[in-house]
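Novice: So the chains spell out like this:
There are 2 protein chains.
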Amino acid sequence: MQEVSETLRRQGRRVGLVPTMGYLHEGHLSLVRKAKEMADVVVVSIFVNPTQFGPKEDFGRYPRDFERDKALLAQESTDITFFPEVSEMYPEGYSTYVEVRGLGDHLCGLQREGHFVGVATVVAKLFNIVRPHVAIFGEKDYQQLKIIERMARDLNMGVDVVGFPIVREPDGLAMSSRNVYLSADERASALLIQKAIKRVEEAFRGGERKAATLSEEARSVLGSHEGVAVEYVALCDAETLDDLQEIDKRALMAVAVRIGKTRLIDNTTLTES
Amino acid sequence: MQEVSETLRRQGRRVGLVPTMGYLHEGHLSLVRKAKEMADVVVVSIFVNPTQFGPKEDFGRYPRDFERDKALLAQESTDITFFPEVSEMYPEGYSTYVEVRGLGDHLCGLQREGHFVGVATVVAKLFNIVRPHVAIFGEKDYQQLKIIERMARDLNMGVDVVGFPIVREPDGLAMSSRNVYLSADERASALLIQKAIKRVEEAFRGGERKAATLSEEARSVLGSHEGVAVEYVALCDAETLDDLQEIDKRALMAVAVRIGKTRLIDNTTLTES
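Protein sequences, first through last, are from chains A and B.
What the first sequence shows, in numbering that gives the first Met the number 0, is residues 0 to 272, in sequence order.
What the second sequence shows, in numbering that gives the first Met the number 0, is residues 0 to 272, in sequence order.
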């Protein structure tokens, strides 16, 4: 992959990367299409990265279907699919980790210890292997996007990190490979996430600026169903991810819930229009 | 620098990097000559990296003489000198750090908390900015060399990390920018380091394989002068840096001492001939 990419760069061709953990859905495919707009050659990586899963998380049962993924990518005429083995990415004696301090100490970073070190590390590796000019990430994983933007800038990686808006199912549920875990009942409860976000957006548009009140609005929706356990509802600075008391700058409203065994996240940004 | 290097790479030219903190001596210049053998274009970076100095260390008083360095590099016909400002390398909000676990928990890593995170981080940045095919490091900083080798491999940096043997003054003292700190008396005491190393090499050649005994030999030399405070004498696996009881594989004998306020390090490798 490194040699292929070096050759492409020498030819002056612009390389775009869409890093994924596979089990592709329309969200991923939108990133691929965006990458095609921004680059001459699009590389999609498929790698379920063990270092970003905690010991009690779902690494083992994370959904995988490489044949289906390949077929979907062929439909999008992806140029290159890069799918390394765990033993290639983390050989015996592997010991280097990348940490973005500060941005990781919020939201999902508090619940998922070591998660963002795993994310930053694997993305650093993918950037060095694929050497893209531009890399596209979904905004559903908003904190991840911010951490990778910061890492790429701080470490002078020369990669333009681009976020792409959340792609949703027709009923509003944010697309996620983990949605496949949901039973029919759970799938119905999951709609409360979008409902909570809409409620907050509405209150914000109505003039509410107190984070505590907006958060309470979301929690009242999410708490209305006993199958939904709220992990966090956060209102924070959209750049630093620091908690806000008053929404007096561009803010992120982010939610993480557990529905049965499945952890789902979603978010929206709140800005003065 | 990144653009220059990208252009050179496109032209198919091999880029060599010699990262330094300036105040160049013959040791550095030997690295430059080695780089010239191994690359078409040699970049020497000069950057006194604040993140690898502890709060009580000598960042502020570390010797600097950029004009002299430039003249020395001109004599060696260095192609490019890269000398960024601290504010360019670590702008406001900087927060990304690279850690090589395991290898840092030995030798200097125990005395200099955070030192090797600072080293790995700045070298990762320099590698991404200069994009060298090959980078040359002195073996005086043996642990640093091992950590950078490991980082480059683990993060798929595509940089060939090459070590170069210690260059010594005629009387045997390892060259170091910090030697300038030494008073005449201290300079004389510093020779005990080389004497201790020689004593250990001799005992090893004489068949001694017990690390404790070899270490005792070194300490008996270093302890013979009250101006010399031993920070460590280590006998360890030359690859993993794990302490050895018996020298039954290629080993590193490494020494750190304080002479007055000056910290000096030196080392040798012990191998069956």
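Worth double-checking, as some hints may not be accurate.
Computed cross-link-like contacts, SDA-like style, restricted to lysine to any residue with a CA-CA straight-line distance of at most 20 Å [as the list claims (entries may be wrong)]: (1) K248/A / G92/B; (2) K55/A / V229/A; (3) K69/A / G11/A; (4) K260/B / R111/B; (5) K248/B / G92/A; (6) K55/B / G92/B.
Source of the hints: derived by calculation from the structure; they are not laboratory data.
Bear in mind the structure is a predicted one, so any value in this text is a computation, not a measurement.
Novice: Holds or violated: K260/B with R111/B, Cα cutoff 20 Å?
Specialist: Holds, at about 15 Å.
Novice: Take a quick look at whether K248/A and G92/B sit within 20 Å of each other, Cα to Cα.
Specialist: With Cα atoms ~18 Å apart, K248/A and G92/B stay inside 20 Å; holds.
Novice: For the pair we were handed, K248/B and G92/A, check the Cα-Cα distance against 20 Å.
Specialist: Judged against 20 Å, a Cα distance of about 18 Å means the pair holds.
Novice: Would the hint linking K55/A and V229/A be met if the CA-CA limit is 20 Å?
Specialist: 18 Å, holds
Novice: For the pair supplied as a hint, K55/B and G92/B, confirm whether the alpha-carbon distance does not exceed 20 Å.
Specialist: 23 Å, violated
Novice: Would you check the hint for K69/A and G11/A, treating anything up to 20 Å between C-alpha atoms as holding?
Specialist: 27 Å, violated
Hint violations for this structure: numbers 3 and 6, all remaining hints satisfied.
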